[in-house]
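Participant: Hints in hand, dock the two standalone chains.
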Amino acid sequence: MNNAIVTIVRNTFMEAFRKRIFQVIFIFSILIILSTQFFTFFTFGEEVKILKDIGIAGITFFSLVIALVIGSSCIQTDMEKKTIYTVLSYPVSRKEYIYGRAAGVFCYIVFAVVILSMVFYVALSIKTYFIGQKFGDEARFSFVTFSNNIELLKGIWLIIVRCFIIVSIALLLSMFFQQTFTIIVCFLAYVLGHLTGFIANMAASTGKIFGYLMTGFYYIFPNLEFFNVSDYISVGKHISASYTLLVSIYGIIYSLMLILITAKIFEKKDM
Amino acid sequence: MENIIEIKSLKKIYRDFWNRPKVVAVDGLNLAVKKGEIFGMLGPNGSGKTTTLKLLLGLIFPSAGSIRIMGVSPENMECKKNIGYMPEESYLYGFLNADEILDFYGRLNGMPEKLRRKRINEVLDIVGLSEARKRRVADYSKGMSRRIGLAQVLLKDPELVLLDEPTIGLDPIGSREIKDIIKGLKDRGKTVLLSSHLLAEVQTICDRIAILYRGKLVEEGSVEDLLTVSDETEIITSGLKSADIDKLKELVNKSGGKLISVGHPKETLESLFIKLIREKSGKDT
Ligand SMILES: Nc1ncnc2c1ncn2[C@@H]1O[C@H](COP(=O)(O)OP(=O)(O)OP(=O)(O)O)[C@@H](O)[C@H]1O
Ligand SMILES: [Mg+2]
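Going line by line, the protein sequences match chains A and B.
Anchor point for the first sequence: position 132 equals 132 in my numbering, and the numbering is continuous, going up by one each time.
Each number in my numbering corresponds to the 1-based position in the second sequence with 271 added.
Calculated from the structure, these hints are not laboratory results.
Misleading hints may appear alongside valid ones.
[Stated by the list, open to error] No farther apart than 20 angstroms at their CA atoms in a straight line, the calculated lysine to any residue pairs in the SDA-like style are these:
#1 A:K268 - B:D287
#2 A:K268 - B:P292
#3 A:K269 - B:S493
#4 A:K82 - B:Y362
#5 A:K268 - B:Y285
#6 A:K269 - B:N347
#7 A:K264 - B:R286
#8 B:K282 - A:D270
#9 A:K81 - B:Y362
#10 A:K269 - B:A335
#11 A:K269 - B:K306
#12 A:K268 - B:G365
#13 A:K268 - B:W289
#14 A:K82 - B:G399
#15 B:K306 - B:S493
#16 A:K82 - B:G365
#17 A:K264 - B:F332
[What the hints assert, rightly or not] Simulated coverage check for chain A against chain B, where a stretch passes if three residues somewhere in it have a Cβ under 8 angstroms from a Cβ of chain B:
#18 14-26
#19 71-83
#20 247-253
[Unchecked claim] Covered, in the sense of this in silico footprint (three residues per stretch, anywhere, with C-beta under 8 angstroms from a C-beta of chain A), are these stretches of chain B:
#21 358-365
#22 374-384
Glycine included, C-beta positions come from ideal geometry on N, C-alpha and C.
For reference, chain B alone in the conformation it holds in the complex (with noise of 0.2 angstroms):
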């Protein structure tokens, strides 16, 4: 499959007023999204994952390193129109309602006025924003305004979208209706490329992950095959006593009990992801 994000030693050191380095919040890191795939960056706070969001979109620019993004640099203007972005606090004008706020987005990306009214009112809806469209969204509580966030982002039908911490701020049941829009996303074969801590979430929705910390890579890969413990053996059986894993397999066959699986038991994210970074901070210091 085709990279519709490839990042190559890429780094990004903020500087102050006086342009001295002040930072590195990205550090030599590669990492590849494939096309029509759910990839989790994950990563503890302030390990690079809204910085290296904000270098793609060209939103700020890259210390060293390259990036291609849709087969472009992110400094390309027309390829913005397919990708769809959702900041991880996303302030928008409070003196518009919802109403408002979309038609604007969908102005600026170009949409005619009928595609835009349409497609204004479908939004809404995925959203359940429906109700509160004349409400100015200076009023609106934190779910809301994150879901106002989503709405211009599904309102473009970008072919990439890019989400920072996509839950944060909503209900049980807000997240879990965002995950089913991610999900539905991917069934459409759009690409979503998220952050976020929530590891949990990042388990049941994304196909690959990465791992920051500190600006670094620490790992990647599917989550499948990082979860999976290779070098154990589970045995699930049933009609057994307890005793040594070769007794019982030798009992097993003896004793006549019935085999059911034999397979590699599963580590949860959020394990993997605590030892992980413990074993680096452990190095580190």
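For reference, chain A alone in the conformation it holds in the complex (with noise of 0.2 angstroms):
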């Protein structure tokens, strides 16, 4: 493995993992999820749902945030504060160097999302031992069955895949533009994305060169709407394999070509 992208991953990593505000937003998420245990409802089913609703609203929000936050700023700021001139100094090529910031966001992302992913867990097991003692025992197995399911654990995988694309949109974007304008830009992609099939039946209706436009543009507009599997989680509902697999092929792509393109662009600029 190159030595120099080990070091710059490693570098994005700590970098992120010692920043206050993620510190303070992966805890606010923690207390969230836990706090699923106060909610109370007559049937266990309605229980279920609100605990995995929150959870997995925890879990998109924080790794949404730290992949808009880091993303955008990972590389601007370094060329920014002219940290980029020592890195650059040293025997790494730009293409590596992003390679390293892309690859070290992605690793802390899927470090979060994980950490989470096991509170929620934990969260669902106190439940599960609740509803144990209040519904009773048939009740209990059929919760555990339920909840700690494999779809789970597919929808989260889902929402890391959907991260790498955003984080890959807000580092091609940071190539040009100030924070501020990457995080809008990307957040308004992040809506959009999930409206494609939409402006895709809009396209179809309209015709003619708006039309036109609005095709071209779904087609390049990354579909995010095929990550949004929430609904499917909270209700249980199956989540096919190949569908998984197909919808990861997609974003990983989709996430690599953009970083490609990220990389290309910064060999040829002017620190």
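Facilitator: Printed below as a string of structure tokens:
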């Protein structure tokens, strides 16, 4: 494995790990997930749904904030504060720097999501215990299979892949823009990315130039709706393995393409 | 002696967001730095010193002309192992402490663990940061940040050292220490290219200098040659009354006074610098 890239990945991870704001949001997300313990409902089905909805929301929120904040800043501040001068005066190619940065952010997102998912799992287990006491063992057993299933893991994995796409968009935009602007555009992209199906329909019905534009937009833009499986998770519907695989490949290829483009731009850039 | 840096007809035009030319920062520069010397680049603010250094490192790309650095083009990755660079503002990763930062750079340079540990201790000692090594660099004073910037250069133990205003922001003792470190590098056969506007400083440590103005070379040569005023004669005598020079000479012989020395008086680098820039700006406007 390339030493320079590994060094930059490590450094990126540490940078994120020591960021006060992430520590705060991280604790906040954990508290949100744990707070689900205090909601009680009449039927255990409702309790499970609430618990899952909030847990998934917490994980989504936290990972999205990380993706936006680090993605938009990790390369941009290096350029703005000129830290990049010293880094590039070492035997590190510009490509390696970009790959290292991107991979470092990905690692941190995976790390954070894994921790939050573990908290989530603990919250679910505690709930299971109390459900057993309240509704009897039969309910508890059905809850266990219902909640701790593999579907949850697939859903969380797709949240991670979606974050990769957002990070890659942010890294690309940060080649040209300041942090605030990048965050705003990325967030818009996140929202629009969930509406691409809707846009395609509109394109079909409008026709003419505007229609072509929208169709083009539909193909270029990431279809984030593919990754929106929280509805499935909360009601415990089945997400097929082949779907998960296909969508993962789509997301990873999309994100790698953006990173390659970013590296190409960065190679030609005056620092 | 062989040239470790060769710059030929180098030109750099900065462009704006829309790729329109904005500033000509370096304009047809020719420069050669020999192995083992301390070379000083002088020039007023905005004369293209930093730009030239950045071009040498491949941080920016020339608009025209060519650069050879240690025999290769600046885009060559391998040569960077042996080039140390201290930028004029060294913002280093603030979330790391001195130890961790140097460890990061050591790893980037491909130094094995053991060597890294040893060298980090040494260079922290040299730049006087051993005490503060566990403190976050974000909390460092300006001078301490400069020192860690220099430590990063020394860590590599490079053949060629590029320093952009090395003593800026340092107290008199600190800048003295840095000057000693630079001289030490030369004694160990390293080549140093530095930029500065502190003339007295350059005068004391540089072997050769180049004076830049608006991206062009105005003057280049050894400090010794440049500062020697050859069309004047300075006679230092003792036991004499005042009179004209010719009469003095006769008088010296006749009156039995002692002629101590006949030599060339030195101009200070400062007055030379100001004279050259004045001349140049008078011509341009
Ligand atoms: N990134 C940039 N974009 C546009 N113009 C630039 C850029 N960097 C430098 N310049 C311009 O190029 C010229 C040379 O700048 P440079 O930084 O090389 O000067 P310098 O000799 O290092 O000056 P100083 O002594 O103030 O450090 C200046 O006119 C400056 O405004
Ligand atoms: Mg400068």
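Participant: Looking back at the numbered hints, which does the structure fail to meet, lowest number first?
Facilitator: Those not satisfied are hints 3, 11, 12, 14, 20.
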